[in-house]
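Chains as they are written, first to last, in the working numbering: chain A, 1228 to 1384; chain B, 2 to 768; chain C, 1452 to 1738.
In short, the hints are calculated from the structure, not lab data.
Idealized CB from N, CA, C, for every residue including glycine.
Heads up, some of the hints might be wrong.
Just a sample of chain B residues kept apart from chain C, beta carbon distances all over 12 angstroms, derived [claimed, not checked]: (1) 9; (2) 115; (3) 117; (4) 120; (5) 163; (6) 276; (7) 277; (8) 381; (9) 391; (10) 436; (11) 638; (12) 676; (13) 689; (14) 690; (15) 698.
Not everything, but these chain B residues come out facing chain A in the computed CB check (under 8 angstroms) [stated by the list, open to error]: (16) 23; (17) 27; (18) 31; (19) 491; (20) 667.
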Amino acid sequence: MTEARRIRLTVNGRPREVEVEPRTLLSDVLRHHLGLTGTHVGCEQGSCGSCTILFDGAPARSCLVLAPQAEGAHIETVEGLAGPEAEAIRRAMHEAHALQCGFCTAGIVVSLVSALRDGIGQDEAAEQVLGGHLCRCTGYVNIRKAITAAWKQGANP
Amino acid sequence: MSPYLGIPVPRLNDDKFLRGTCRYVDDIELPGMLSAAIVRSPVAHGLLRGLDRSAAREVDLVLGPEEVRERTGSVPVAWHLPMQRQLERPLIDERVRFVGEPIGVVVARSPYLAEDGVDAIVPDIEELPSVADIHSALAPDAPLLYPRWGTNVVIELETGDEADTTDVVFADADHVLRCTMRTGRLAGAPMECRGIVAVPDPGTGRITIYTSTQAPHMVKDQVSQILKIPHHSIRVVAPDVGGGFGVKDHIYEDELLVCLAALDVGRPVKWVEDRRESLTVTAQARDEEWDVEVAFDRSGRLRGIRVHGRRNSGAYLSIFGGGPLATTGSTLPGPYRWEAVRLTGQVIVTNTTPTGAYRGFGQPQAVYIRERAVEMVARELLMDPVELRALNMIRPEELPFTTRTHLNYDSGDYPAALRRAADIIRSAPEPPEDGRIRGVGFSSYVESSGVGPTAGSRIVGVQVASYETAIVSMANDGSVRVRVGTCSHGQGHETTFAQLAAEQIGTTPDRISLVHPDTETAPYSPYGTAASRSVALAGGAIVRAAGRLADKLRAIAGELLEASADDIVLQDGEAIVAGTERRVPIAAVAAAGLRGWPVPSGISPGLEESYVHDPDNLTFSYATHACQVAVDPETGLVEIERFVVVHDCGVIVNPMIVEGQIHGGVAQGIGGALMEEVIHSEDGQPLTGTFMDYLIPTTGTIPDFHIEHIETPAPHIPGGMKGMGEGGTIGAPAAVANAIAAALPEVADRLTRTPVTPDLLWHLLQD
Amino acid sequence: MKPAPFDYFDPSSLQEALELLADLSWDASLLAGGQSLIPMLNMRIARPSALIDLRRVPGLDRSDIGADGIRIGAMVRAASLERSVASSDSAPTCLRQALREIGHPQIRNRTTIGGNLAHADPASELPAVFVALGGTMTLVSKDRGERSVPAEEFFQGVFSTAREPDEILVEASLPTYPGRTAFVEVARRPGDFSLVGACVAAVLEELVAREVRIAMCGTGDRPRRLREAEAVIEGAVLSAERLRELADAVSAGVQPRSDLHASDEYRRAVAGVMVRRALERISGVPS
């Protein structure tokens, strides 16, 4: 029962299948078995948010999901994010200089794109959603600026 | 008005980070690659006998102490001070001296199996009594980490004025303020942990090393020296690097072990640190205590400052040795005229994680000591702390100014920054009445940056090169390549350096690429990106090298356009005869230059220019920080409500990037002031190995900042830039502490340690 | 940091889960949301030889908020409960406030109510709410069937509950409470575990407080009703003076421990402050 088991999941809209030990973290499945290295691992303790993906549409820490828990799930990673909200977030972050080393960036993009899609308010995004992410480089100031710009553009409350 | 300088050009390389196509070390996958995990000492002090590897299964290789010792040389300390007991040490010694010290390496098919392998290995260590803090290590009967020394003091140092000169000043002054201050230990904690992929080529004996480092050439030098591999057989590449802050500017035993293991298995081996290792084993910082005395007159004139400092080095000297404490000594004067400045210090070994470089490198400590003392003096004299500072500040007309510690301040207007910061924070609207107590504190500093002149490094004891070289070349299509030895890890060099080159050559920044840090292509730079040096040193080199290339291009264009080189303007990717419509695309000029004709006589073919920049002096940015806090006296919680920075870093290439550096630096300073602390138990066990215990700032803890720039060019740097990357971290802790002290005058004089946690503050308020 | 190997089971019914647990209980962990367990697995602090994943067990993810109380299936995610509570008038305010303090949205999307309660971290917010309002936990085992345990008996110590190794917590419920409630905490950063948290409830007629309930987190090995403190204001007219007395009684009634983040003296004093502030919020009595 510790041996590899087959997991079927949908990633960025495509059906994928991996055979991994049940103890394999979803972050490692994505990064090393599916080659999607855009999701980064910052702590494996659930504190930093760098590994954030969308799990059935909701932001979740992929380092805190065991591979079998993702059976049948729809996963979206930073590489797969597309559409007006994703472009709005990316453009806003670029223009506001909301990233420096870039390591925490993918996780933040995923969380914010999801928030914009779900109609979450700007203040909620800047406090609660961003509050789940650690960044060591930017001091968060410009990330909040990016949120303001993206939300204004997205005409969200 | 320059089209490229002083412009907030959005960064040229953001796209890959926003789309997830970036490549950090752990993203590298190579055929046949194996995974490593590090065997580490579970105890703080002991005699290392060996490893029992009999239970390790499903592993491809285990290297233990014996194998490593017979194949490796010593790890050097690259900063030598006159009274220093340690200049080098073995990679794995006969004893272990801190919990987490690497004692072996396991290689397996996956990180999971490698960790299983480490779990199954039992170190054979005869435990010895240990000491985890400075005072225990200094006690008469303390266990000794290096018995042959007879002491745990590894460095004694003194900086500034002689004892008798200082005594005279102190005796003459009206008052002397005395207190003891302490700063807690910090961890750099970049979001990307350290990592390395070592790729051996058994056929040629070469090894390529991908590593998350701030200085690829330093890694190459150390691998060659310590692993006894010919220098030319080694190539080191820094891929995308997710933050460094100084901690990735060291060489680490675990990384060297991985290289050895890779050579043994003949296949690529990857090791990536986990977060617990990052917070417990990677070089830590600060952890110092000082006895502080300030001599001053009734009038407010600051006369002398005398400090005795003790720094916890951890188990051994890192590559930076006693540098941080020596830097505290040299930067102690700050922006004030003093008659005497003296620091004596001891660096002390203990059975804890080694301490080394972290953003600020001794300067935050100097600023904390001095600026806390300044506001204590102001309180004692019932003087406005701003007026007290202004009274003592070096005025612009006094610059250049040589401090009592032999720093030659270059240019600037320190009082202007002070006044402006004070005006901004004092004219802010009244906050609401919410039961909390508010206070405003300041901190003024001069940042020693742009490290540094070769002659200066020699005097100070630095054993590695500190000059920078730039090589700028143009291709047939008119695109430009810039090669430097520095190594961006978030600072946006790809954009700022392109702007500097664009300014000289007239090609737009998007056609100028900074070559990725690779020892095969990057000019020699063991210092790398650290010490707020890149824009001044590498940037200055680029200004010169690109300037030379531009001169050549103008000469060749003159030949093509039948005009004098002096009449040629390079602009927007073209060469134009000034005041006319005669122009050629730069690609045509490039083609001529690379082909070798038509070029004027005396001009050699080729389009590559280089410049070795060894500046005459350090550079000196400066700032005043002003901070307003709101304190809840019942819970000890401190909120930073306002933070103002008025600073001068010389000519600004990209203001958006400069502000980003200030944001991040101040945030780290706030973290150290209020919440970050590495804690070891009495028997040397790390207690803060997760982000739940080592708390770094989150968005809710950092307000928006008000930043204003002053630009006084650095007179001796091509382009006039001064380094500033560490400034935020240097000034912020003192400003925060001073603000809390201003809010709570009844405990102000006992607020002499960082971090000011709710528990600490609450206890102070109870007494 | 990767987990040590374990046998993994994902039963498709409660019966199957109970049978597995009965066989393996000596060294099996139940996996619900994983937000507490998986960090411990990653750090190899927890090394169960078997993991029983409840994600496929049907019927555990329903919640019901009504006039006669709240029933929450063990696998209800905190985010889902947050949404249900927000759109209901019947849910006590303290529950809404406590849910909001659990980590961050990304954690709340995964963490389950049952997992949170069964984990019994003394710093955790929800256990204090369940103890204050007299909640009930429903446990099921293969051999002994279903039983209900009052919240105050359920939480027994640090990471320790009344759940036997072969039992699964399937539901937690809260009775209706006729008065006003509040949850207040102090944390070092927004979203962190509480240093000290207070769940407070009172029925107020004018400023007379009745049916007072007080339970805390972060002040001992488990949340307890602070009955001596409750007695200080039970039936009394609330005033600033009376609330200060209450705060002192709370401080006297808790048995906090020191840790890295705060000393016992701090927690003891701040416990009183939190309760006082929560009552000020409910009653409008100024400090």
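Hint check:
no. : hint : result
1   : 9    : 31 angstroms, holds
2   : 115  : 9 angstroms, violated
3   : 117  : 7 angstroms, violated
4   : 120  : 7 angstroms, violated
5   : 163  : 44 angstroms, holds
6   : 276  : 7 angstroms, violated
7   : 277  : 6 angstroms, violated
8   : 381  : 30 angstroms, holds
9   : 391  : 36 angstroms, holds
10  : 436  : 7 angstroms, violated
11  : 638  : 6 angstroms, violated
12  : 676  : 6 angstroms, violated
13  : 689  : 7 angstroms, violated
14  : 690  : 8 angstroms, violated
15  : 698  : 8 angstroms, violated
16  : 23   : 6 angstroms, holds
17  : 27   : 7 angstroms, holds
18  : 31   : 12 angstroms, violated
19  : 491  : 3 angstroms, holds
20  : 667  : 6 angstroms, holds
When held up to the earlier numbered hints, the structure conflicts with 2, 3, 4, 6, 7, 10, 11, 12, 13, 14, 15, 18 and fits the remainder.
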